[in-house]
Each structure stands twice: as C-alpha cells, then as structure tokens.
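Residue numbers (this note's numbering), protein chains in the order written: chain L, 405 to 637; chain Z, 405 to 637; chain F, 405 to 637; chain G, 405 to 637.
Treat the hints as calculated values from the structure; they're not laboratory data. Take these hints with a grain of salt, some might be off.
All copies of an identical chain are treated as equivalent in the list; a pair is satisfied when it fits inside any one copy or across any two copies.
What the hints assert, rightly or not - Think about it this way: if two alpha-carbon atoms lie no more than 20 Å apart in a straight line, the pair counts; the simulated DMTMM-like pairs of lysine to aspartate or glutamate are: (1) Lys624 x Asp480; (2) Lys624 x Glu564; (3) Lys583 x Asp460; (4) Lys624 x Glu472; (5) Lys583 x Asp454; (6) Lys624 x Glu610; (7) Lys624 x Asp482; (8) Lys624 x Asp442; (9) Lys624 x Glu584; (10) Lys603 x Asp614; (11) Lys624 x Glu459; (12) Lys624 x Glu540; (13) Lys603 x Glu540; (14) Lys624 x Asp543; (15) Lys603 x Asp543; (16) Lys603 x Glu564; (17) Lys624 x Glu555.
4 protein chains.
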Amino acid sequence: MSLSALKRAVLEANLDTVRDGLVMATFGNASGIDRTTDQVVIKPSGVAYDTMTAEDMVTVSLDGAVVEDRLRPSSDLDTHLVLYRAFTGIGAVIHTHSTYATIFAQALMPIPCLGTTHADYFRGDIPVTRHLRPGELGDRYVAATGEAIIETFEGRDPLEMPAVLVAGHGPFVWGRTPKEAALNALILEECARMAWFTKRLNPQVEPIPDALRDRHFLRKHGAQATYGQTERL
Amino acid sequence: MSLSALKRAVLEANLDTVRDGLVMATFGNASGIDRTTDQVVIKPSGVAYDTMTAEDMVTVSLDGAVVEDRLRPSSDLDTHLVLYRAFTGIGAVIHTHSTYATIFAQALMPIPCLGTTHADYFRGDIPVTRHLRPGELGDRYVAATGEAIIETFEGRDPLEMPAVLVAGHGPFVWGRTPKEAALNALILEECARMAWFTKRLNPQVEPIPDALRDRHFLRKHGAQATYGQTERL
Amino acid sequence: MSLSALKRAVLEANLDTVRDGLVMATFGNASGIDRTTDQVVIKPSGVAYDTMTAEDMVTVSLDGAVVEDRLRPSSDLDTHLVLYRAFTGIGAVIHTHSTYATIFAQALMPIPCLGTTHADYFRGDIPVTRHLRPGELGDRYVAATGEAIIETFEGRDPLEMPAVLVAGHGPFVWGRTPKEAALNALILEECARMAWFTKRLNPQVEPIPDALRDRHFLRKHGAQATYGQTERL
Amino acid sequence: MSLSALKRAVLEANLDTVRDGLVMATFGNASGIDRTTDQVVIKPSGVAYDTMTAEDMVTVSLDGAVVEDRLRPSSDLDTHLVLYRAFTGIGAVIHTHSTYATIFAQALMPIPCLGTTHADYFRGDIPVTRHLRPGELGDRYVAATGEAIIETFEGRDPLEMPAVLVAGHGPFVWGRTPKEAALNALILEECARMAWFTKRLNPQVEPIPDALRDRHFLRKHGAQATYGQTERL
Chain L
405 MSLSALKRAV
415 LEANLDTVRD
425 GLVMATFGNA
435 SGIDRTTDQV
445 VIKPSGVAYD
455 TMTAEDMVTV
465 SLDGAVVEDR
475 LRPSSDLDTH
485 LVLYRAFTGI
495 GAVIHTHSTY
505 ATIFAQALMP
515 IPCLGTTHAD
525 YFRGDIPVTR
535 HLRPGELGDR
545 YVAATGEAII
555 ETFEGRDPLE
565 MPAVLVAGHG
575 PFVWGRTPKE
585 AALNALILEE
595 CARMAWFTKR
605 LNPQVEPIPD
615 ALRDRHFLRK
625 HGAQATYGQT
635 ERL
Chain Z
405 MSLSALKRAV
415 LEANLDTVRD
425 GLVMATFGNA
435 SGIDRTTDQV
445 VIKPSGVAYD
455 TMTAEDMVTV
465 SLDGAVVEDR
475 LRPSSDLDTH
485 LVLYRAFTGI
495 GAVIHTHSTY
505 ATIFAQALMP
515 IPCLGTTHAD
525 YFRGDIPVTR
535 HLRPGELGDR
545 YVAATGEAII
555 ETFEGRDPLE
565 MPAVLVAGHG
575 PFVWGRTPKE
585 AALNALILEE
595 CARMAWFTKR
605 LNPQVEPIPD
615 ALRDRHFLRK
625 HGAQATYGQT
635 ERL
Chain F
405 MSLSALKRAV
415 LEANLDTVRD
425 GLVMATFGNA
435 SGIDRTTDQV
445 VIKPSGVAYD
455 TMTAEDMVTV
465 SLDGAVVEDR
475 LRPSSDLDTH
485 LVLYRAFTGI
495 GAVIHTHSTY
505 ATIFAQALMP
515 IPCLGTTHAD
525 YFRGDIPVTR
535 HLRPGELGDR
545 YVAATGEAII
555 ETFEGRDPLE
565 MPAVLVAGHG
575 PFVWGRTPKE
585 AALNALILEE
595 CARMAWFTKR
605 LNPQVEPIPD
615 ALRDRHFLRK
625 HGAQATYGQT
635 ERL
Chain G
405 MSLSALKRAV
415 LEANLDTVRD
425 GLVMATFGNA
435 SGIDRTTDQV
445 VIKPSGVAYD
455 TMTAEDMVTV
465 SLDGAVVEDR
475 LRPSSDLDTH
485 LVLYRAFTGI
495 GAVIHTHSTY
505 ATIFAQALMP
515 IPCLGTTHAD
525 YFRGDIPVTR
535 HLRPGELGDR
545 YVAATGEAII
555 ETFEGRDPLE
565 MPAVLVAGHG
575 PFVWGRTPKE
585 AALNALILEE
595 CARMAWFTKR
605 LNPQVEPIPD
615 ALRDRHFLRK
625 HGAQATYGQT
635 ERL
C-alpha cells in the first residue's frame with residue numbers, strides 16, 4: 405500500500421468512528437502503519453472531522469520522528485507507537501471514548517464475553533489496564549499508557565484480543581488494517597453495551613462456554629475461517 | 405410469487421433490518437421460501453448491505469442443495485432450513501443480533517409479556533433455547549441451532565409465537581412473508597427494550613392478564629382479526 | 405378551523421409523533437375535534453405514515469357515527485370519543501406506545517414530577533389507570549379504556565394534567581390543539597425517561613416542591629402565563 | 405467581535421445545542437457577551453429553532469435594560485446576567501435540559517469525575533446547587549437561580565469548572581466563547597451519561613486520582629496547554 409493509499413485508509417477509519425457514533429467532538433484518533441517502511445500515518449491533533457482530508461494525516465517514523473510536519477500529530481501518538489513496536493502483527497490502531505467501552509474503563513472492569521457477537525471478534529473477556537502510577541503521569545504519560553497496555557497483554561495474542569480498556573480513560577482497538585480496526589471499535593462498543601445490560605438483567609450469568617466462544621471466533625479468524633465470500637469471489 | 409419477486413422481498417427484508425437499526429455491520433440475515441417450489445432465497449454471506457442487490461440473493465432447495473451458486477449463502481443457512489422444514493406455516497425467517505433481544509438471549513431469560521405492544525404480536529413470553537451441548541458445536545452447529553429452536557417449540561404454535569432467543573447468541577424471528585418477519589423483528593426488539601426497563605422499575609410486575617393479552621393478539625391475528633383496512637379497502 | 409384545516413392539523417400531529425420517535429410501525433393515532441360542529445377527525449387504521457395524506461383522515465361524529473367512510477378509523481377511536489365527551493376543554497387526543505411512557509404504564513407506576521421540565525407541562529405526577537376488569541375486555545374494550553381514564557381523572561383538571569398512562573398499555577395525551585397534544589406527547593416521553601434514570605440514581609429523591617412545580621407550570625399555562633412571544637409579536 | 409458577529413456566534417451556539425441533541429422543543433437558550441461594551445446577546449423566548457435568524461437574537465445591557473426590543477428575550481435572561489456579572493472571565497452562557505445532566509440535577513447529585521473525558525473539560529465533580537427557598541420563587545425567581553449558582557461557586561474558579569446543575573431543573577454551562585460553551589454543554593451531557601452507567605456497573609468506583617485529572621485538564625486548559633494546532637498553524 406502506498407503512503408497516499410495508507411493516508412486515505414487512515415482518514416476513512418477516522419471518519420468511520422464518527423459515522424458509527426464512537427467519537428464526539430475531536431475525542432478519537434486512528435492510525436495505520438506501513439510495515440515495509442515502518443512509516444506511521446496518524447490523525448492530526450484537534451482538527452475538525454468534517455473538513456479533514458487525507459493530506460492532513462501526519463506521517464512519522466516508528467520511533468516518533470516526524471517525517472512530514474505540516475500539522476501536529478494526535479496527542480496520543482506515543483501510545484500508538486508503543487503498540488506498533490510491541491504488536492508486530494497489527495497494521496492499525498484506533499482510540500475512541502465510545503460510550504459503553506469507556507464506561508467499563510471507568511468502572512475498572514473487563515468486558516465479559518457473554519455472547520457470540522463478542523466471540524465473533526474477541527476471544528475472551530476484554531481486559532482493562534491498571535491505573536497509571538503518579539510517576540507515569542509526567543512527560544512520558546502518553547508512552548506510559550502504551551506500556552501499561554503491553555503489560556496487560558503479557559501472555560496474550562493481540563490478534564485474538566484486538567482491544568483493551570485503559571483504566572479511567574477509554575478503549576484502544578487495533579487490527580490488521582485501518583478498516584478492520586474501525587470495525588473492531590464498533591463491535592467493541594456494541595458488546596460493551598450489551599454486556600452492561602445483560603449483567604443488570606441477570607447478575608449470575610457467566611461468560612459463554614469456551615467451546616462456543618471458539619466455535620465463533622475461529623469461524624471468522626485464522627486459517628480455518630469459513631465466513632464471507634473470500635474463497636468464492 | 406415469482407422467484408425474482410421473492411428475491412426482491414428478501415432483499416427488502418434484509419434492508420429493513422438495517423434501516424430499523426437491528427443489524428450492525430453484516431450481523432444478520434433474512435430469507436424467504438416459495439412453498440410451491442420449496443426454493444429458499446437467502447442473503448449471501450458477509451456482503452455489505454449498501455451494495456447488495458436482489459440478484460445477490462442465493463437460492464437453495466429446502467434440503468440445502470444450492471440452486472444458484474454465484475455467491476456463498478449466509479453462514480446461518482442451515483438454521484433457516486431447519487425452521488422451514490419444521491414450521492410449515494412460515495414463509496420467511498430473519499436472524500439479527502438486535503441489542504435488547506440479544507441481551508435477553510445472553511442473560512438466558514425469556515422476554516415476559518408485560519404489555520399490549522408485546523401481545524399485539526407475540527402470544528405470551530418469548531422463549532429462550534437451552535445452550536447447545538459440546539457435541540453440537542462441530543460441523544452440524546448451525547443445523548443444531550435450528551434443532552434446539554424446534555425442541556423449544558414443542559407444544560407451541562410458531563405463528564402465535566413468531567420469535568425465539570437462541571441462548572448466548574441472539575433472536576430468530578419469522579412470519580408468513582419477509583415483510584411480516586421484518587416487522588416482527590422490529591417489534592421484538594422494542595418489546596425486549598421495554599421489558600428490560602419495566603422490570604428494573606418494578607421488579608414485582610407480572611405479565612399482563614391472559615385475557616388482555618389474547619384480546620390484543622387476536623385483534624391482529626387469526627380469523628377474527630379486526631385491525632387495519634383489509635376488509636374495507 | 406375548517407374541516408380540511410383540521411384534517412391537515414391532525415395529519416401533522418400524527419406525523420410529528422413519528423418524527424419525534426414516539427411511534428414505531430403503525431402504533432399510534434392522533435385526532436382532533438371541531439367543537440362548533442362536534443366533528444372528530446382521526447387517523448385511519450393501519451395505514452403507513454409515509455404515504456398518509458390529509459384526505460385519508462376519517463371524520464366521525466362525537467357519538468361515533470361515521471361522516472365519511474372511505475377508510476376505517478383507528479381501532480382506538482372509541483377511547484378518543486370518550487375523552488372528547490368527558491373533557492370538554494380539549495381539542496385533540498394522541499395515543500402512542502412511546503418507549504419510556506409505556507414502560508411506566510407496564511410497571512403500573514405513575515411518572516413522578518421530579519423536575520421543572522415535567523412541571524412546565526404537567527402539574528404533578530402523571531397518573532396510571534387501574535387494569536381493566538375481565539368484563540371490560542369484550543366488544544366495549546376500547547370505550548372501556550376511555551372510561552377507566554375518566555375514572556382516574558375524577559377530581560383532576562385534564563388541562564393541568566394532559567396525559568395518562570393506561571395500565572399495561574401506553575400513554576394517552578391531549579391538548580387544546582393537535583399541535584399542543586403532539587408537543588405534550590414528546591415532553592411526556594422525555595420526562596418519563598428522565599424520571600426512570602433519576603429514580604435509579606437516587607431512589608430517595610422526592611417530587612420537587614409544590615411551589616417550584618407551580619412556578620413553572622403557571623409560567624407557561626393559564627391566565628398569568630409569561631412565556632413566549634404571545635404578547636409582543 | 406462586532407455585535408452582528410456576536411449575534412451569529414450566539415445563533416450558532418443555540419443551533420449547536422439542537423444539532424447535538426441537547427435541546428428538545430424550545431427548552432434551552434444560549435447567550436454571549438461583548439465585554440468591551442457589556443452588551444449581552446441572547447436567544448428570544450419560545451421561538452422555533454428552525455426559523456431563527458441572527459437578527460432574532462435580543463440585545464440587552466448587563467443590567468438587563470433592553471437595547472433592541474423586537475422580540476422578548478429568553479425567560480432565563482436574568483440567570484445569564486447574574487452569571488456574567490459574577491464570572492467576569494466568561495464570554496458565553498448556555499442553558500439546556502439535556503437528558504443525563506438533568507437527571508443528575510433532578511437526583512440532586514453532583515456528577516463525579518470518573519474519567520479523563522470528564523477531566524479534559526471539568527476539573528473535578530460538577531456541583532449541584534441547593535434547592536431554591538420558597539421566598540426565592542416569586543418575581544426574582546430567575547435571578548435567584550443565578551444567585552444560587554454563585555453561592556455554589558464560592559471558592560471555585562468558573563473557568564476550571566464551566567458547568568453547574570441547578571437542583572430539580574437542569575444544567576447551566578459557560579465558556580470564553582459561545583462555541584466553547586456549546587462544546588462544554590455537549591461534553592457535560594456525555595460525561596453525565598457515562599457517570600450514570602459507570603456507577604451502576606461499579607458502585608464502589610472512586611473519582612480518578614487528582615494527578616490524572618489534572619494531567620488531562622491542564623493539557624487542554626491554561627498556560628501549559630499542549631493540545632490542538634494552536635502553536636503550529
């Protein structure tokens with residue numbers, strides 16, 4: 405994918421989060437990475453969505469050096485970069501303050517896997533990070549947010565669990581492409597909403613059995629996936 | 405109804421579920437059957453709603469043999485077929501993950517008949533299936549889902565109760581036509597939403613009396629129906 | 405107001421309920437009365453809102469005799485007529501199944517007056533009828549619904565409390581004009597929604613003081629009203 | 405800013421509250437002040453939003469004397485004026501009955517600072533006024549509402565806490581400009597909604613640590629702000 409194609413894909417992912425009702429005001433940012441050049445393309449900081457163009461996307465290197473500097477990059481850039489460096493299989497990162505995912509992040513509670521909607525995209529409960537420590541709130545705050553995510557994912561496969569809740573803050577979501585990350589952000593929000601209401605209706609309900617969860621997750625992901633038109637079209 | 409008319413009706417029912425906010429991403433599928441030829445028309449798998457055409461609908465026989473195979477049918481096809489074979493009075497089936505109906509399915513709880521909105525369309529509480537057993541999660545998973553629905557409906561008239569909640573998954577809804585099934589899917593979601601909030605407001609509330617329920621259900625269904633313009637127009 | 409102007413006003417009130425999200429499918433009906441001729445204009449039964457015209461409105465006399473009979477009137481006509489005969493100051497009636505008002509009706513609980521939004525339109529808690537008795541569910545069911553409302557309003561001024569919840573069913577709302585009744589139906593729904601969430605947040609909260617309630621109600625209603633541009637424009 | 409530019413900005417802020425779903429019917433009003441002339445521009449009372457023009461905005465002096473009197477000013481004018489006189493750093497005031505903020509106002513409970521979304525705009529819990537006393541409900545009711553807000557803000561910096569809940573009524577919000585006040589009104593509503601759901605999910609959750617709160621608030625406000633394109637563009 406060329407840099408300009410990546411910029412268009414990142415713009416579209418940013419706009420998807422707005423169209424899907426996941427982002428209010430300028431609260432959100434999407435980025436993508438070209439793994440052949442290690443260039444990261446990210447939304448500029450504080451620019452209105454309705455006038456944003458692909459050319460407004462900011463390009464930086466994987467270590468954060470600015471490649472093009474017409475606009476300042478999203479203030480969450482360093483979190484994205486930490487994720488790209490640690491999760492080498494991912495190609496896009498999205499941050500939103502979507503309502504129900506943020507509610508779970510504020511409540512410091514993981515989103516339990518209560519149904520197949522959830523299992524189709526996330527293989528288990530969606531984890532929440534620990535709160536940052538006072539010493540992590542200084543200049544390196546944004547990078548430290550990413551590092552707390554990495555810490556939470558020790559022993560996990562980020563492609564089987566493409567989302568996390570940052571404590572007291574909101575979700576970060578990823579995927580192989582900007583389009584996939586945007587879809588994951590949408591599904592995450594709906595699963596959070598349904599989990600909230602399911603637990604109030606039946607506080608005793610348990611996550612669905614592992615076998616049912618995997619039946620759904622593996623239908624859409626991995627080598628044995630059978631969903632969609634991929635093989636046929 | 406000709407096959408092409410049935411395809412258009414099935415397409416419209418699929419689009420209705422999106423317009424009514426019952427389907428997110430590609431999470432849903434509607435089908436219809438021509439009972440004179442036993443041909444079933446169903447949405448293709450994983451195709452975007454905004455570009456879908458009537459010609460994209462897939463035609464299969466009642467035993468699942470593909471009649472036209474340009475696109476792969478919905479991955480839930482086998483559930484639809486089991487329902488058509490067992491419920492001979494129905495002409496259309498719709499599956500969604502609509503939010504509140506799915507919440508009841510995840511909570512493993514039936515939707516109680518708490519008002520006349522519900523009773524106008526569903527003659528009693530909307531049942532939930534048992535969870536599938538480990539042995540039912542293999543190759544025959546999708547058909548086994550249909551069989552669990554049939555098991556749940558022993559002793560019930562599917563035209564008096566045109567919906568079911570599949571445990572940990574979501575609703576299946578049906579009707580005599582694709583249009584009627586789409587309306588039932590919409591009403592189901594609203595009744596689920598109102599039931600959720602009613603029970604939190606007054607946990608002691610009971611289903612409405614049977615006589616009031618039947619007064620409403622029979623006003624709109626069956627030989628004595630008096631609602632609408634049928635006799636006059 | 406001429407009969408054709410009344411029909412247009414009644415059509416608009418019906419469409420307002422749809423535009424305001426108070427009516428799903430064909431679940432609702434608005435009517436108006438010309439008090440000089442005692443002619444009542446009401447929505448036809450089961451006709452789709454998007455193709456409905458002013459000419460489709462059905463005209464009947466106050467005792468229910470059909471004046472024009474091209475279409476069958478709303479199946480709830482007899483409830484409207486009972487209200488017009490008993491509440492001689494009202495000029496329009498609207499019935500919806502709007503979500504939160506119906507939730508209170510299903511929970512058999514009045515909507516408490518918890519804020520000035522409510523007090524601007526309704527002078528106190530919005531009452532709920534008793535359930536109809538088995539003997540009232542036969543041919544006279546629809547009229548009996550109206551009579552249960554009248555019974556609930558003994559000692560009340562219907563212009564100070566222009567709404568009621570029918571137990572297990574949903575709200576009936578009225579006003580001096582179709583436009584005012586449609587506004588009351590919208591405010592009712594929002595007040596029901598806010599009351600639901602307020603009571604969960606603080607179960608101990610009491611209705612606002614009578615003096616504050618009347619300060620707001622009388623600012624917008626009655627001889628001392630000061631709100632809007634009436635005197636100036 | 406010229407008077408006509410201020411009128412356009414105030415009109416836009418009024419329309420923003422409608423576009424953002426914060427205002428139903430005519431329940432809301434926005435104003436702005438020109439601090440060089442002490443002229444206040446405010447929405448007229450009870451005029452429909454869809455036909456309102458910048459010329460319909462009403463201009464008054466800071467002591468309430470009408471400068472232009474074609475239309476009657478918002479019935480809440482006196483509350484706005486009290487705020488402008490006491491909070492000399494603010495340039496705009498907005499009043500809405502937005503759903504979740506009003507729910508907290510009705511519940512007589514402050515909105516706790518449970519996440520960074522909140523902390524980005526409000527430095528701590530959003531306070532609620534005391535109920536007005538019987539003697540304050542007469543002719544000076546609207547001004548007394550403003551005075552109760554001032555009383556609540558003793559010891560607070562209104563630019564660090566640009567919102568308040570009036571007990572049993574709804575929110576007042578402000579900012580340096582009409583545009584900023586409108587954004588604050590939107591964020592307030594979303595934070596109220598998320599706080600409501602967070603507290604039900606985890607009743608034990610505490611406000612986020614002060615250091616995290618200030619890390620976010622000071623990133624967007626005050627001399628050390630680093631968010632957006634201000635320095636670069």
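Now the hints, each set against the structure:
no.	hint	verdict
1	Lys624 x Asp480	between (30 Å within a copy, 13 Å between copies)
2	Lys624 x Glu564	within (11 Å within a copy, 35 Å between copies)
3	Lys583 x Asp460	within (18 Å within a copy, 23 Å between copies)
4	Lys624 x Glu472	neither (37 Å within a copy, 24 Å between copies)
5	Lys583 x Asp454	both (19 Å within a copy, 16 Å between copies)
6	Lys624 x Glu610	neither (23 Å within a copy, 39 Å between copies)
7	Lys624 x Asp482	between (31 Å within a copy, 17 Å between copies)
8	Lys624 x Asp442	neither (28 Å within a copy, 30 Å between copies)
9	Lys624 x Glu584	within (12 Å within a copy, 31 Å between copies)
10	Lys603 x Asp614	within (19 Å within a copy, 30 Å between copies)
11	Lys624 x Glu459	neither (34 Å within a copy, 25 Å between copies)
12	Lys624 x Glu540	between (38 Å within a copy, 19 Å between copies)
13	Lys603 x Glu540	neither (33 Å within a copy, 26 Å between copies)
14	Lys624 x Asp543	between (40 Å within a copy, 15 Å between copies)
15	Lys603 x Asp543	neither (39 Å within a copy, 31 Å between copies)
16	Lys603 x Glu564	neither (24 Å within a copy, 30 Å between copies)
17	Lys624 x Glu555	neither (27 Å within a copy, 28 Å between copies)
Hint check: violations occur at hints 4, 6, 8, 11, 13, 15, 16, 17; the rest are consistent with the structure.
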